[in-house]
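Residues per chain are reported as follows:
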Amino acid sequence: MLIALGLILVALFGAPLFAVIGASALIGFHQSEIDLAVVAIEFYRLAEMPVLLAIPLFTFAGYLLSESNAPHRLVRVTQALLGWMPGGLAFVALIACALFTAFTGASGVTIVALGALLYPALTEAGYRHNFSLGLVTTSGSLGLLFAPALPLILYAVVAQQLGIGGSITVDDMFLAGILPGLLMLLILVAWSLWSSRGVKLIPYSKAEALSAIREAAWEIPLPIIVLGGIYSGYFAISEAAAVTAFYVLVVEVFIHQEIPLRKLPQVMREAMLLVGGILVILGMSLASTNYMIDQEIPTQLFDWIRARVSDPLTFLMLLNLFLLVLGTMLDIFSALVLMVPLLLPVALQYGIDPVHLGIIFLANMQIGYFTPPVGMNLFIASYLFDKPVTQIYRATLPWFFLLFGAVLIITYWPSLSLALLDRS
Amino acid sequence: MEVKLKRVRAFILLAEDGVMALLLTAMILLAVTQILLRNFFDSGIIWADPTLRMLVLWVGLMGAIASTREDRHIRIDLLSRYLSGSRRSFIQAVTDLFSAIVCGLIAWHAARFVAFEYEDGSLLFGSFPAWAGESIIPIGFGIMTLRFLFNIPLRFLAGDRQ
Chain Y
1 MLIALGLILV ALFGAPLFAV IGASALIGFH QSEIDLAVVA IEFYRLAEMP VLLAIPLFTF
61 AGYLLSESNA PHRLVRVTQA LLGWMPGGLA FVALIACALF TAFTGASGVT IVALGALLYP
121 ALTEAGYRHN FSLGLVTTSG SLGLLFAPAL PLILYAVVAQ QLGIGGSITV DDMFLAGILP
181 GLLMLLILVA WSLWSSRGVK LIPYSKAEAL SAIREAAWEI PLPIIVLGGI YSGYFAISEA
241 AAVTAFYVLV VEVFIHQEIP LRKLPQVMRE AMLLVGGILV ILGMSLASTN YMIDQEIPTQ
301 LFDWIRARVS DPLTFLMLLN LFLLVLGTML DIFSALVLMV PLLLPVALQY GIDPVHLGII
361 FLANMQIGYF TPPVGMNLFI ASYLFDKPVT QIYRATLPWF FLLFGAVLII TYWPSLSLAL
421 LDRS
Chain H
1 MEVKLKRVRA FILLAEDGVM ALLLTAMILL AVTQILLRNF FDSGIIWADP TLRMLVLWVG
61 LMGAIASTRE DRHIRIDLLS RYLSGSRRSF IQAVTDLFSA IVCGLIAWHA ARFVAFEYED
121 GSLLFGSFPA WAGESIIPIG FGIMTLRFLF NIPLRFLAGD RQ
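Listed in order, the protein sequences are those of chains Y and H.
No gaps in the numbering here: position 114 of the first sequence is 114 in our numbering, and each next residue is one more.
No gaps in the numbering here: position 9 of the second sequence is 9 in our numbering, and each next residue is one more.
In case anyone wonders, no lab produced these hints; they're calculated from the structure.
Each residue gets a CB set at the ideal place from its N, CA and C atoms; glycine is no exception.
It cannot be assumed that every hint is accurate.
As the list claims (entries may be wrong) - Computed list of lysine-lysine pairs in DSS-like fashion (alpha-carbon distance at most 30 Å, straight line):
1. Y/K200 to Y/K387
2. Y/K263 to H/K6
3. H/K4 to Y/K263
What the hints assert, rightly or not - Across the chosen pairs, the derived CB separations fall in these ranges:
4. Y/S32 to H/F11: 14 to 24 Å
5. Y/S232 to H/R9: 27 to 37 Å
6. H/F40 to Y/G166: 32 to 42 Å
7. Y/L5 to H/F40: 22 to 32 Å
8. H/I46 to Y/D311: 47 to 57 Å
9. H/I46 to Y/I297: 51 to 61 Å
10. H/L78 to Y/E33: 26 to 36 Å
11. H/L78 to Y/L2: 14 to 24 Å
Using the sequences and the hints, build the whole thing.
Laid out in structure tokens, this is it:
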């Protein structure tokens, strides 16, 4: 108990999470008198999971895209095609952000890469300042539930490692995320339509549409190839990632020539910093999870919770609140790796489908990015748009409540997540 | 002396970035080649898949080493931002020491694991020895241990400057 408190304290004081998790595994195995080489052996399992190949490849492709002018082309082409509708530019922002986040894996780059383009465009078109700020800040994590977003992949990897609750594949998660993701998108679109009454419409221009499409001609096939390949089952996830990385590399470096070859190692390093950060945490948690299961800690946790919470509904409600708070403190990747091994066995006992739990978890973490007072994207937006963070709070609040409503629907309506799967 | 040290440091950083870029490029090219072979020629390279999985481990650890260098590991850090000056440096030095000890222990036990595999002579695929691929674990955590240790005095220097 004292050791656990000490570890939490060093974590709160800023020790790297992988070291904290590693320490807990080392101490645990030491107390059970198991040879500590087991930590290294567990860590080595990183080289035994083929799907992990997708993580460095998708992350690299995402960083490369955000370093090039692709965000600009993406905004231009959606604007040319959708901008003429009422609330058109708001649609553009929502759809462009969702698409971009799905491909960059919700590492916080969306708001930086797209927000800086969209915010001035929105205010110029006559949208209210606070509406535009809220929209851009909220959209920074939208799209997390759409393939091939990294958190979906990581959840499947972590859940699969536990070996309980039947098979949970990445493909399951990719299918399960579609409808809940669309629900969120739909709610925000409706809200944008309502709030943008009175904004002057931009006429549709065929010439601009054609020219925008021509400019983005190299990028438009990308989502089609990748999503088509994944959903049709033609590509395994890691293959889709390899194709994406290679395609983006060729297009942005050699065809558009927007990233000079000598800058490439720098972009690679930036991407691999994130990948390394995620993988060491995952590797350490493979060891600590192994120890936790060995000690039946999830079972103890369940007994403790069951003594206090009898029905699944109350459990889900508490889960929502807990994840909301967690989402403001932990980034999505460490939260996944740390909490899923604890939560999944408990949730299974309450009869919750593991895939549904994953979607609840991620949807909750998505709004954690902009939950006041400490959501990460609130600070990024404040810095990026040079506005006091209190104004960002006010601007984001209506969006927060709308998406929190969506999270509740997702939580209490399991078939929304499970309808596209065979298992429901 | 200082100039020389700086040059050594610059060289190490360059070498690290170079190795990382090389590994990632190899990963992309190998993965794409394998897909092309599978789909158009109905064949494949036997050692490609285990090599790719091994590259994930290597790239991950190289990334972790770079994260340690730039002090950009994923962390929670709710409390230390409320501290100022020398207290903050002290806390950072303590967390560095903590991380160094953890990494050091893992490096040591990983080295034992690799030594065991070496004696065992286990092979990964064909004739490639497993210990060579696994050796990145003790090497990676060893380098991270040193980095965390070197960070400790730097924290106080940076604290003085603030």
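Evaluation of the provided hints:
1. Y/K200 to Y/K387: Cα-Cα ~26 Å, so holds.
2. Y/K263 to H/K6: 22 Å, holds
3. H/K4 to Y/K263: Measuring from Cα to Cα gives roughly 26 Å; hence the hint holds.
4. Y/S32 to H/F11: 14 to 24 Å: Between Y/S32 and H/F11, where Cβ atoms are some 44 Å apart, the hint is violated.
5. Y/S232 to H/R9: 27 to 37 Å: 50 Å, violated
6. H/F40 to Y/G166: 32 to 42 Å: Because 36 Å falls inside the window, the suggested range holds.
7. Y/L5 to H/F40: 22 to 32 Å: Given about 59 Å between the Cβ atoms, the range is violated.
8. H/I46 to Y/D311: 47 to 57 Å: 54 Å, holds
9. H/I46 to Y/I297: 51 to 61 Å: The hint (51 to 61 Å, Cβ to Cβ) is violated, given that H/I46 and Y/I297 are roughly 41 Å apart.
10. H/L78 to Y/E33: 26 to 36 Å: 35 Å, holds
11. H/L78 to Y/L2: 14 to 24 Å: At 21 Å between Cβs, range holds.
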